[in-house]
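Here the structure of chain A is known, so what remains is to put chain B in place on it, guided by the hints.
Each chain, written out:
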Amino acid sequence: MLDETRGARYERCKPYMEQQGLDVLVAISPENVLYFAETYIQTQTSIRERLAITVMPLASEPAIIACKIEEPTVEAETWISDRRYFVELQCSPIAMLADVIKEKHLENRRIGIELNYLMATYYQELITLLPNAEFVQCARIFDQVRAIKELREIKQLSYAGLNTVRAMEAAVRMSRVGDSENDLAVRIIKNMFDNGCQAIEFMCLGSGRRSEMAHCSPSPDVRLEDGSVIHIDYGGRFNHYNSDIARGILIGKPNEKHLDVYKRLTNCYVRGIEQLRPGARACDIYQFTKEQFEKEKIPFTMSLVGHGLGIGVHELPMLVPSETKGLEEDMMLCYELRTIVDGHRYHIEDLIHITEKGCEVLSQPKLDTTMPWIQPDLF
Amino acid sequence: MKDSGVSLRYDKLKQEMKKQNFDVVIAISPENVLYFSETYIQTQKSIRDRLAIAVLPLEQDPAMIACVIEEPTVENECWIKDRRYYFEFRESPIQFLVDVLTERGLLNKRIGIEMDYLSAAYYRELMQRLPNVKIESCLHTFNVVRSIKEEREIEILQHAALVTRDAYTEAISEVGVGSLETDFSKRIAKKMIDGGCTSIEFLVMGTGDRSILVHGLPENLPMANHTHGRIDFGGLFDHYNSDVARTFIIGEPNAKHVDVFDRMMEVYVAAVEACQLGAPANSVYFTAKAMSEKMGLPFNRVHSGHGLGLSVHEYPMLAPGNETPLEENMVMCVEHAVHVDGFRYHIEDLVRITPHGPVVLSAPEGFHPTYQIIK
Chain A
1 MLDETRGARY ERCKPYMEQQ GLDVLVAISP ENVLYFAETY IQTQTSIRER LAITVMPLAS
61 EPAIIACKIE EPTVEAETWI SDRRYFVELQ CSPIAMLADV IKEKHLENRR IGIELNYLMA
121 TYYQELITLL PNAEFVQCAR IFDQVRAIKE LREIKQLSYA GLNTVRAMEA AVRMSRVGDS
181 ENDLAVRIIK NMFDNGCQAI EFMCLGSGRR SEMAHCSPSP DVRLEDGSVI HIDYGGRFNH
241 YNSDIARGIL IGKPNEKHLD VYKRLTNCYV RGIEQLRPGA RACDIYQFTK EQFEKEKIPF
301 TMSLVGHGLG IGVHELPMLV PSETKGLEED MMLCYELRTI VDGHRYHIED LIHITEKGCE
361 VLSQPKLDTT MPWIQPDLF
Chain B
1 MKDSGVSLRY DKLKQEMKKQ NFDVVIAISP ENVLYFSETY IQTQKSIRDR LAIAVLPLEQ
61 DPAMIACVIE EPTVENECWI KDRRYYFEFR ESPIQFLVDV LTERGLLNKR IGIEMDYLSA
121 AYYRELMQRL PNVKIESCLH TFNVVRSIKE EREIEILQHA ALVTRDAYTE AISEVGVGSL
181 ETDFSKRIAK KMIDGGCTSI EFLVMGTGDR SILVHGLPEN LPMANHTHGR IDFGGLFDHY
241 NSDVARTFII GEPNAKHVDV FDRMMEVYVA AVEACQLGAP ANSVYFTAKA MSEKMGLPFN
301 RVHSGHGLGL SVHEYPMLAP GNETPLEENM VMCVEHAVHV DGFRYHIEDL VRITPHGPVV
361 LSAPEGFHPT YQIIK
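Residue numbers (the numbering used here), protein chains in the order written: chain A, 1 to 379; chain B, 1 to 375.
There are no misleading hints in this set.
The calculated DSS-like cross-link candidates involving lysine-lysine, where the alpha carbons are at most 25 Å apart (straight line), are:
| hint | chain 1 | residue 1 | chain 2 | residue 2 |
| --- | --- | --- | --- | --- |
| 1 | B | K190 | A | K190 |
| 2 | B | K191 | A | K190 |
| 3 | B | K186 | A | K190 |
| 4 | B | K186 | A | K155 |
| 5 | B | K109 | B | K19 |
| 6 | A | K190 | B | K45 |
Stretches of chain A that chain B covers, calculated by requiring three or more beta carbons in the stretch to come under 8 Å of a beta carbon on chain B:
| hint | stretch |
| --- | --- |
| 7 | 29–42 |
| 8 | 110–124 |
| 9 | 181–192 |
| 10 | 198–205 |
| 11 | 303–316 |
Because the hints were derived from the structure by calculation, they are not lab data. Glycine included, every Cβ here is placed at the ideal spot set by N, Cα and C.
Next comes chain A alone, as it looks inside the complex:
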C-alpha cells in the first residue's frame, strides 16, 4: 500500500520528473490541486478563471497560489508551507506563478504544466512572462501517479460505488410503470444524498427510444412504459471521489428481446472482467471485449471499454486500443460495456479494483448481472 503521509504524493512525482528531465511540475486543474496540495478549492470548477496553482519543483520547496478569498480554506488544509494569494480582478495568478518560478531560478528550465487544462489566455501570458522556459505537457505524470490508489482512496471509491448502486436498487423497488423518468431519477438522487453523496456529477437516464442517447437527461414528461427499457449512467461525488455506474432497467412486463440483448451484453461483461488482472494490457482487454461482442452477435461501437476512476471521472487506465501499458495492483477502474440494438441502448458498468492476482468488483461484491426490474403491478 502507498504511503499516505502528507507530501508523499508529491514525492511520487519525482522519479517521473527525473526520467523526463523536468525541473518543476505545475498543477492547475481542480483534481490535481486537490490531490497534490490536499486542499479543496471549491470554486476552481465553477469559476474557471479563478486559478489555484501548485508548484512542485524537483529540488526545492513547493508553493501554492490561490485566490485571496480562499485563504482561510488553504491555511486550514494544505501541507505546503509557502502559500501565496492573489486578489481577484486586481492581480494575475500567472504573474504570481512566474514570480515563484523566477525565485526558484527555474525560468530557463523545463517546466511541466497541465497544458490540457491551462487556458490559452493564461498560456499566452505565461510564455510572455517566461520566454526562456520550455513548457511541457505533464498531465500524464499526474495521471500515472493518481492511477495507483492509496488505501483511503480505495475505501472511499468502494463506498461511493456501492452506495450508488444501492441508491438505484432502492429507487427501482419504489418505482412503478407509469412513473416519469424524472420520478425515478429524483428517487435515485435523494437516496444517493442519504447515502453520503455531496453532488451528482451526472445523471443520464432515458427510456424506450430515448435510451439511444448516450447522455439523455431524465424527462418529467416521459412516462416509463410497460415492456420497455431504461438506460441509466450516473454518478456522484462522495468526499471528492466519484462513482460511475450504468445499468439497463426493465420496465413492467418482461420483454424477451431486451432481456436477450442484455444477457448477451452481460456475457461479454463477465468474460471481460475475468481478464482484468495485473499485467493485462488495456489494448488487449479492448480487443478481447470486441471479440466477445462478435461472438455474441451484438454491435460493437465503443472507443473505450473502461476507464480509471478517482477524483476525476476519466482517469488512467483508459481501456482503449492505443494504451499498451499493463494494469497494476491498486488501480481502480470502471469496466463498461454498451451496445445499441434497434434504437435502444443497453449498458452496464461497475467499479473494479485490481488486486494482487486478479480483481474484485467493489460496487457489487457478489456480481449479479440480472437486469434491475421495475416490476409490474399485478392488478
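Relative to the frame of chain A, chain B by itself:
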C-alpha cells in the same frame, strides 16, 4: 428547433459580431455551446478533452462539431444543419474545426474563439495547423449577448432562486440546536432536488469558528447554541444556476452577531437599491463601500455581485473597475459579506434590472432581508 437552421440567439450574436468586427466566433465552453447551439452535451464539463464546438460565422453557414458518442443528442436537439462528429482518441476535434474554417473561406478573416476556455494543448494544435492565422478572444462578445436575459431565462432563474431559498427556509424549521451541519445541508439538498434542481453545484456552510471558511464544506459537527452560521449554495435548474447566501443564528441569539448582521443589512439594502437602470455596474460596489464605512464595518470586498445564468459568474461583474451601464433584463446576484473577529456573515439575493428599479427575484413577497434562527 432542431435542424431548423434558424436561431434568434445567433441573430443577436451577429449584431454584436458586427460591432466588434468578427467574421466568425467559435463557442467551445459548455455554457456557450449550450446557449448558442441549444444542445446540451452533458460530458463537456466532466470530460474536458471531449470538445463540442459551434462555429458561428457572420455571413456563412454555421457548423456544429461533437464527439460521435453525442450524435443522438445533437441530432435530436441542434438547430444547426451542418453537424459533424469525430471519433474520440482517433480523430482531432481541432482538425474538424480547421476543416470548417477552411471550407467556409474564413482563414484570412477575423476569427474569435474562447481563449479563456480553449486549453493550451488545443491552442498549440490549432496554431500548428493554422500557423499564419490570427485568432483572438471573443469572450466579451458571447458575454454581452448572454448578459441580457430572455423572459424564459428570467422565469427559470427566479424559479431556481425561490426553490433554493425555500429549501433553506424549510430545512431551518426542521433542524434544531445540536443538529449536525451535514443533516441540515442534506435536507436542503434534497428539498432542492424535489424542487427540480438537477445538480447541487455548491453548498458551502460553516457554523461558529468555521463560518470564516469562505468555501468550507458542512461537517458532521453539531451546530452549537449561542453562535451563528452561514451558507452559500446553489444548483442547476434546467441548466440555469441559483446562488443564494444566508446567515443564521443558532439557538439563543448572540447580541454581537445580531449587531453585526443588522449593520450589514443596511449596507446590503443600499447596494441592492443602487442597482438602477443606466447606473454604472461599479456604483453598487461603491455604494456598499461607502455604507460600510458609515456603519463602522470593514470592507474587503473584491466585488459586490455578479451576473448569473448558465454560469455562476457572468456579466455584469459588480466590481470597482466595471463602468458598464446596467441594462434592462440583466439578472445578477447582489452579495455582501463581512469578516468580524474571526466570523463571517454573508447574504446574497437575485436581482433583475428594470425601468422601475431593481426587482429582487428571490423575494417576490417583499425584500426585507434578515437572519433566520435555528431553535
